[in-house]
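Peer 1: Sequence:
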Amino acid sequence: SPKSCGKQKSTACSLFIERRASGYLDAAMKELKQFLEQQEGSSLTAWVRHFDKNNDNAISSLEFIDGMKNMGYDGNNASRLFNVLDIDGSGDITLEEIDQ
Numbered sequence: 001s002p003k004s005c006g007k008q009k010s011t012a013c014s015l016f017i018e019r020r021a022s023g024y025l026d027a028a029m030k031e032l033k034q035f036l037e038q039q040e041g042s043s044l045t046a047w048v049r050h051f052d053k054n055n056d057n058a059i060s061s062l063e064f065i066d067g068m069k070n071m072g073y074d075g076n077n078a079s080r081l082f083n084v085l086d087i088d089g090s091g092d093i094t095l096e097e098i099d100q
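Read left to right, the sequence shown gives residues 1 to 100 (this note's numbering).
Calculated directly from the structure, the hints in this document are not laboratory data.
We put the beta carbon where it would ideally sit given N, CA and C, even for glycine.
The reader is advised that the hints may include incorrect statements.
What the hints assert, rightly or not - Cut-off 27 Å, straight-line C-alpha distance, at most; resulting in silico cross-link-like pairs (DSSO-like, lysine-lysine):
(1) Lys33 with Lys69
(2) Lys53 with Lys69
(3) Lys33 with Lys53
(4) Lys53 with Lys30
(5) Lys69 with Lys30
Said to hold, decoys possible - Simulated restraints on C-beta separations:
(6) Thr94 with Lys30: 25 to 35 Å
(7) Asn55 with Gly23: 16 to 26 Å
(8) Gly23 with Lys53: 27 to 37 Å
(9) Lys30 with Gly72: 12 to 22 Å
(10) Gly23 with Asn54: 16 to 26 Å
(11) Lys33 with Ala58: 28 to 38 Å
(12) Gly41 with Thr94: 13 to 23 Å
(13) Asn57 with Asn83: 13 to 23 Å
(14) Asp26 with Ser79: 29 to 39 Å
(15) Asn77 with Arg49: 15 to 25 Å
(16) Gln34 with Glu96: 14 to 24 Å
(17) Gln38 with Leu95: 17 to 27 Å
(18) Arg80 with Gln38: 15 to 25 Å
When you get a sec, could you build the whole thing from the sequences and use the hints?
Peer 2: What follows is the structure, given as C-alpha cells:
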C-alpha cells in the first residue's frame with residue numbers, strides 16, 4: 001500500500017483502496033509479475049536491465065513503456081498498465097510498487 005495510507009486520507013490512498021477493491025491493482029500486479037518473471041526471471045533483473053536507465057530508483061512512464069516494449073510487451077497495454085500501477089499519479093513507480 002502507498003505510504004500515504006497512514007493517518008492522512010489522500011487521493012493516492014483513495015485510489016489505492018478503489019483499485020484494490022475493484023481488483024484492477026491485484027490483476028495488474030499479477031500480470032506484470034508473471035511477465036517479468038517469464039522474460040527476466042525476476043522484477044529486480046527486469047528493473048536493472050530494462051527500466052531504471054538513469055538509476056534514480058524510479059521508473060517514469062517512458063522508461064516503463066520502453067522497457068516493456070523491449071521485452072516484447074504491447075506498448076498500448078504497457079501504457080494502461082503503468083497508469084494502473086502509478087497509484088499516486090506521480091508519473092513514476094518504484095521497485096517496491098512492482099515487486100510486492
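Peer 1: Determine for every hint whether it applies to the structure shown.
Peer 2: To see whether the hints hold, each was checked on the structure:
| no. | hint | result |
| --- | --- | --- |
| 1 | Lys33 with Lys69 | holds, 15 Å |
| 2 | Lys53 with Lys69 | holds, 14 Å |
| 3 | Lys33 with Lys53 | holds, 20 Å |
| 4 | Lys53 with Lys30 | holds, 24 Å |
| 5 | Lys69 with Lys30 | holds, 18 Å |
| 6 | Thr94 with Lys30: 25 to 35 Å | violated, 18 Å |
| 7 | Asn55 with Gly23: 16 to 26 Å | violated, 33 Å |
| 8 | Gly23 with Lys53: 27 to 37 Å | holds, 32 Å |
| 9 | Lys30 with Gly72: 12 to 22 Å | holds, 18 Å |
| 10 | Gly23 with Asn54: 16 to 26 Å | violated, 33 Å |
| 11 | Lys33 with Ala58: 28 to 38 Å | violated, 19 Å |
| 12 | Gly41 with Thr94: 13 to 23 Å | holds, 20 Å |
| 13 | Asn57 with Asn83: 13 to 23 Å | holds, 20 Å |
| 14 | Asp26 with Ser79: 29 to 39 Å | violated, 20 Å |
| 15 | Asn77 with Arg49: 15 to 25 Å | holds, 20 Å |
| 16 | Gln34 with Glu96: 14 to 24 Å | holds, 18 Å |
| 17 | Gln38 with Leu95: 17 to 27 Å | holds, 18 Å |
| 18 | Arg80 with Gln38: 15 to 25 Å | holds, 19 Å |
Consistency note: the structure conflicts with the earlier hints numbered 6, 7, 10, 11, 14.
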